[in-house]
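**Student:** The chain contents come next:
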Amino acid sequence: MGDVEVRALNGVSLSIEAGEFVSVIGPSGSGKSTFMHIVGCLDRPTSGQYILDNQDVSTLSGDALAAVRNKRIGFVFQGFNLLARTSALDNVELPLLYRSGIRTSERHRRAHEMLETVGLTDRRDHHPNQMSGGQQQRVAIARSLINRPSIVLADEPTGNLDSRTSTEIMDIFQRLNREQGITVILITHEREISEYGRRIIRFRDGIVVSDQTNASQRSAGDEISDLPTAADPVVSELLTRPR
Amino acid sequence: MHVLIILRVALKALARNKMRTGLTMLGMIIGVASLISMVALGTGAQQQIQEEVRAAGTNLILVRAGNFRGRGISTGMGGAATLTAKDVDAIREQVPGAVYLAASVNTRDQVIAGSQNWSTQIEGTDIEFPMIRFWDLQYGTFFTQTHVQSAAKVAVLGSVVSDNLFGEGVDPVGQRIRIRNQSFQVIGVMESKGSGQFGQDQDDTILAPYTTVQKKLRGRTGTNISGITISAASPDEMEEISAQITAVLREQHRLVSGEDDDFMLRTQEDIASMLTGITETMTGLLAGIAGISLVVGGIGIMNIMLVSVTERTREIGLRMAVGAKGRDVLFQFLVEAVVLSVVGGLFGVALGIGLAEAVTRFLQWPTAVPANAVALAVGFAAATGIFFGFYPARKAARLDPIESLRFE
Chain C
1 MGDVEVRALN
11 GVSLSIEAGE
21 FVSVIGPSGS
31 GKSTFMHIVG
41 CLDRPTSGQY
51 ILDNQDVSTL
61 SGDALAAVRN
71 KRIGFVFQGF
81 NLLARTSALD
91 NVELPLLYRS
101 GIRTSERHRR
111 AHEMLETVGL
121 TDRRDHHPNQ
131 MSGGQQQRVA
141 IARSLINRPS
151 IVLADEPTGN
161 LDSRTSTEIM
171 DIFQRLNREQ
181 GITVILITHE
191 REISEYGRRI
201 IRFRDGIVVS
211 DQTNASQRSA
221 GDEISDLPTA
231 ADPVVSELLT
241 RPR
Chain E
1 MHVLIILRVA
11 LKALARNKMR
21 TGLTMLGMII
31 GVASLISMVA
41 LGTGAQQQIQ
51 EEVRAAGTNL
61 ILVRAGNFRG
71 RGISTGMGGA
81 ATLTAKDVDA
91 IREQVPGAVY
101 LAASVNTRDQ
111 VIAGSQNWST
121 QIEGTDIEFP
131 MIRFWDLQYG
141 TFFTQTHVQS
151 AAKVAVLGSV
161 VSDNLFGEGV
171 DPVGQRIRIR
181 NQSFQVIGVM
191 ESKGSGQFGQ
201 DQDDTILAPY
211 TTVQKKLRGR
221 TGTNISGITI
231 SAASPDEMEE
241 ISAQITAVLR
251 EQHRLVSGED
261 DDFMLRTQED
271 IASMLTGITE
281 TMTGLLAGIA
291 GISLVVGGIG
301 IMNIMLVSVT
311 ERTREIGLRM
321 AVGAKGRDVL
331 FQFLVEAVVL
341 SVVGGLFGVA
351 LGIGLAEAVT
361 RFLQWPTAVP
371 ANAVALAVGF
381 AAATGIFFGF
391 YPARKAARLD
401 PIESLRFE
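So the protein lines, in turn, are chains C and E. The opening position of the first sequence corresponds to residue 1 in this note's numbering, with each subsequent residue numbered one higher. The opening position of the second sequence corresponds to residue 1 in this note's numbering, with each subsequent residue numbered one higher.
Hints were generated in silico from the structure; no laboratory data involved. A portion of the hints provided could be inaccurate.
Claimed, not checked - Cβ-to-Cβ under 8 Å is the rule here; a few derived chain E residues that face chain C:
(1) V9
(2) R16
(3) R314
(4) E315
(5) L318
(6) M320
(7) A324
(8) D328
Claimed, not checked - Below, computed lysine-lysine pairings styled on BS3-like, alpha-carbon distance capped at 30 Å:
(9) E:K395 to E:K86
(10) E:K12 to E:K216
(11) E:K216 to E:K193
(12) C:K71 to E:K215
(13) C:K71 to E:K395
(14) E:K216 to E:K86
Since we're looking at a predicted model, the values are computed, not measured. Beta carbons are placed, not taken as given, at the ideal position from N, Cα and C, and that holds for glycine.
Here chain E stands alone, though its shape is the one from the complex (with noise of 0.2 Å):
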């Protein structure tokens, strides 16, 4: 029997009970369009986050202090006292490729200024910071190398943090403010940034002097700091430039070979694949959990074929009585039945990728609908269509033509 002959018998057959033949169907759009959609977030998230990691400086490495561990005690990452500024300077001396470098010290605080407090992470960086972060003032200006120096009690604070001191669109250079009881004065206000990688609000900071940071407010001798940000001459780079800093600091270090790093080196990159690596995972389990609907929409065939096969025995008992061998039942069912979660796929390709538009539209989240996507789902939904047809169409091409003929 032609192919094209079975696939007209089977559109023949389907047409003849539309409405069944659309319910039938919404199984399969509905598995396909919410596998479409979910993926079409997850996918969109991935991007977003892509883009986001972008913006932030694809060139940037992060260095933090090692672990600790010594007497059957760790402190975990950035416990040991490892990194110091002087590690700073022999990076910016020996890697040419590091253009922009800051030593970092981070701790928090509770922050007051008159009547309002606010409790908020305080960073100390150093002067570079600005053009390490691609982040411009609002107001006022950015602490100097002589306030570095000095450890001077200034601060820059990010947008949330001025909001909530000193009332919105406020400029509050100039003013003071108490953190740990001493005195600083705000000399300016970041650009407001919007939220990070994580979800943290990136405003909600107070930026100072790592020197400051480490003798006015953490109150440790030494010139321990928690880490290191490194801005790379080009993104193409990278690895170079983490190579050679880790030498460099390996080197300061005086670790021998064999012995581990006792800091933590992270490009940008790294967390970017980090972070994908996260939302794929949540993709997969969403796309997991609309599989089980596709499934479901499986099942919905299965029962209506097998239906279908004992409402249509007399048909199928004449067909073998006329020359249909039962190659030619079984195929004209599971084709049914394919074409069935096939064009109801497509219906549920259409519906996902409308779904995944108005989630854009509406509630302004990104959405991006990849192509090995809809080739996936439309695969699986014919896929599920042979799996779950076999089984009625076998039981079809199993039929006895002399008892189907008498099938009443």
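Bound-form chain C, shown alone (with noise of 0.2 Å):
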């Protein structure tokens, strides 16, 4: 069994510009988790190239492709991953730790600002058993922008949420994409998901199986104020409360 060669992935070859809001949509296998470590630079190709940001990275050392992670790549996670017991303040600093010649003062304040983003301004202490999965993954994504990164790479990043919340971290990915000109990578295997991206790429056992612009782009921020319950109080105060 050790010695069957498999490819992940065969052959892909994509460009991905500044500016977009790409879905990678595809079974699990198709290759695109494969896909997002590449792309992350969390991995290395066996043979092919990477360019990023008009730098071939997929030779680099282990600790370059760390520095291009801390500089370059904003990750969002479908498990959040923030740190238990540390609040989201130093939850969304923590890459700037591993940037040199940033003041601490500095740091706050960015943070500070990554959080007023995401709208969590009043939730800097708290600890992330202390919020709901929504603020938990806002969190998440204040610290995936605090480099500044040329993609935000986000993984599932709805996997976890109700489908509510889910809507309203996708208007965020959405407002940041339109607002800020982020680039956003959406990797999902739901459809309904990949819909908010403006392109959407489609992996199937290894190759890329269609890459389209996506005509009936859907739009989060329309469908939140089409939500009657926002305005009940009842029902943003059980949106609200920690679960």
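Join the two chains into one complex using the hints; note that each chain is given alone, in its own frame.
**Tutor:** Okay, here's the thing in structure tokens:
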């Protein structure tokens, strides 16, 4: 078994421009995870090239890749991956700790600014276990943005969230993309979620089976305003309560 | 990554699990505390010995008759009949720095007084003995030149002998004691002096003129003595005076150059350094045993760090994903281990000093905590942290970020 070669990705050639909102969709084993690892500089291709911001990063050493991840990639995971028993502010600051020459005051200022971007200023001192899933994911988004990355890579970011919170999270991604021009790559296996992207890339068995502009892009913002419950104080209370 | 940031991250991580942190530190605390208290005990004993030796007089020189070798037989030190009272006179005349001198001839025997009897050492000595040993009399007088010359059967008792033969607090001057079926008159009792450098009871003795011991108790003909006790004028000229005495004795004994001394000369300082050497060895041994508990504490740290690395695999994966290099992760865990060991070490120092104080207060044992031992203990604790923290830290640093992020 061990010597059977598995090609997780085979002959994939893609180009993603700055400012795009790309959804990558495919069933498990389709190669989308491997694609994400390579795009996220967590892994290197066995052969082939990955050019990020005009730089070939496919041959960089582990430490050099860490530096690239630190400066150019923001990760948002399905399981949030926040540090337990650590305040939201400290969680957001985390990537800055691995960057030299940033003063503590500057770190705080930027972390605060990022929490503001995701609308969590009042939760800065809360620990993850004191926040709802949606709030935790927003902290994670703030963390991914703090180094002003070239790409925000979101791996099933709504996998652990209910549909309403999912819509809110997608709204944040769409606004970041629209208002700040941040490149978002969304990895998902859910068709509905992928439809928030302006371009959808479909993987199957290690190859790209389709790569199209999404003519019917969903707008999370419009969907939220259509939901009647937001105005209802009881529901709103229920939604913001930690679960 | 900045050192202060690493430290802060490590402290936060340790603060997240206070119970575990405390228990892990306990290993180091106990290790360092036992090390410090053992060294404190040893050092205290050393200092006490040195003080006692100084109290006995740093200007003391002891000469003993040498080894006799002939026809394949060695008698051991003091066995050769090489020293005589004439040697004492020669030193007295030719070495002005030798202020007080006393020939000594010792034996051991049963002493009887009335219905009581006691076995003790009988020290044959000379009239200057009280000056040499800074030792005063409690009752009566010391023997005189006349007693020595006539080998008079007089005795000065040590307080222990007096107490055992005549009862405590009784003045026995004028009473008679029997040694080897000969009657001796008690003319004095020495003040109580307590135990000596070797732990022997200095008060368990009888002093008599060396001539008396020579002729009446040892039954030897001739004028052989087993040693000479000399008090030098000043402790600063010990080497010079020792050399002069050696020269006089060699001449007296007609030893040609190249021939070995047929006597042995020791100063009080030599004895002190020998005793100090013994306690140093003991201290080293105790410290070594205590050091083992430090190693055990270190293994405790390694154990907990390994558990911690496994538990925090996802955290490590996340840190790597957001830009931590292997080196950053390595240092984070290494610093955690070192903080555990050093903080534990500092608490251990405090506890060790406290234990030493308690021993002094409740058991009246002398203790002293040397500063270099404290520095050494903390340094050793830090080294233990680095040594035992390195393996878990390296394990953390070598984790694969993708695998770690998926770890459940």
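**Student:** Indicate, hint by hint, whether the structure satisfies it.
**Tutor:** Against the structure, the hints come out as follows:
The beta carbon of V9 (chain E) comes within 7 Å of a beta carbon in chain C, closer than 8 Å, and the hint placing it at the interface holds. For R16 (chain E), the interface hint holds, the least distance from its beta-carbon to any beta-carbon of chain C being 5 Å, beneath 8 Å. For R314 (chain E), the suggested interface contact is upheld, since its CB lies about 6 Å from the closest CB of chain C, less than 8 Å. Hint on E315 (chain E) holds. Least Cβ distance to chain C is approximately 6 Å, under the 8 Å limit.
Of the supplied interface hints, the one on L318 (chain E) holds, with its beta-carbon coming within about 5 Å of a beta-carbon of chain C, less than 8 Å. The restraint placing M320 (chain E) at the interface with chain C holds, with a minimum CB-CB distance near 7 Å, inside the 8 Å limit. The beta carbon of A324 (chain E) is positioned within 8 Å of a beta carbon in chain C (closest approach about 5 Å), and the interface hint is therefore held. At its closest, the beta carbon of D328 (chain E) sits 6 Å from a beta carbon of chain C; the interface hint therefore holds under the 8 Å criterion.
Between the alpha carbons of K395 (chain E) and K86 (chain E) the distance comes to roughly 80 Å, so the proposed pair goes past 30 Å and is violated. Restraint check: the Cα-Cα separation between K12 (chain E) and K216 (chain E) comes to about 84 Å, which exceeds 30 Å; the hinted pair is violated. Between K216 (chain E) and K193 (chain E), the direct Cα distance comes to roughly 28 Å. Compliance with the 30 Å bound is thereby established for this hinted pair. Taken as a hint, the K71 (chain C) and K215 (chain E) pair is broken in the structure, with Cα atoms around 102 Å apart against an allowance of 30 Å.
In summary, the hint linking K71 (chain C) to K395 (chain E) is supported, as the alpha carbons are separated by about 25 Å, within the 30 Å threshold. For the proposed pair K216 (chain E) and K86 (chain E), the alpha carbon gap of about 20 Å is at most 30 Å, so the pair holds.
Violation of the numbered hints given earlier is confined to hints 9, 10 and 12; the remaining hints are satisfied by the structure.
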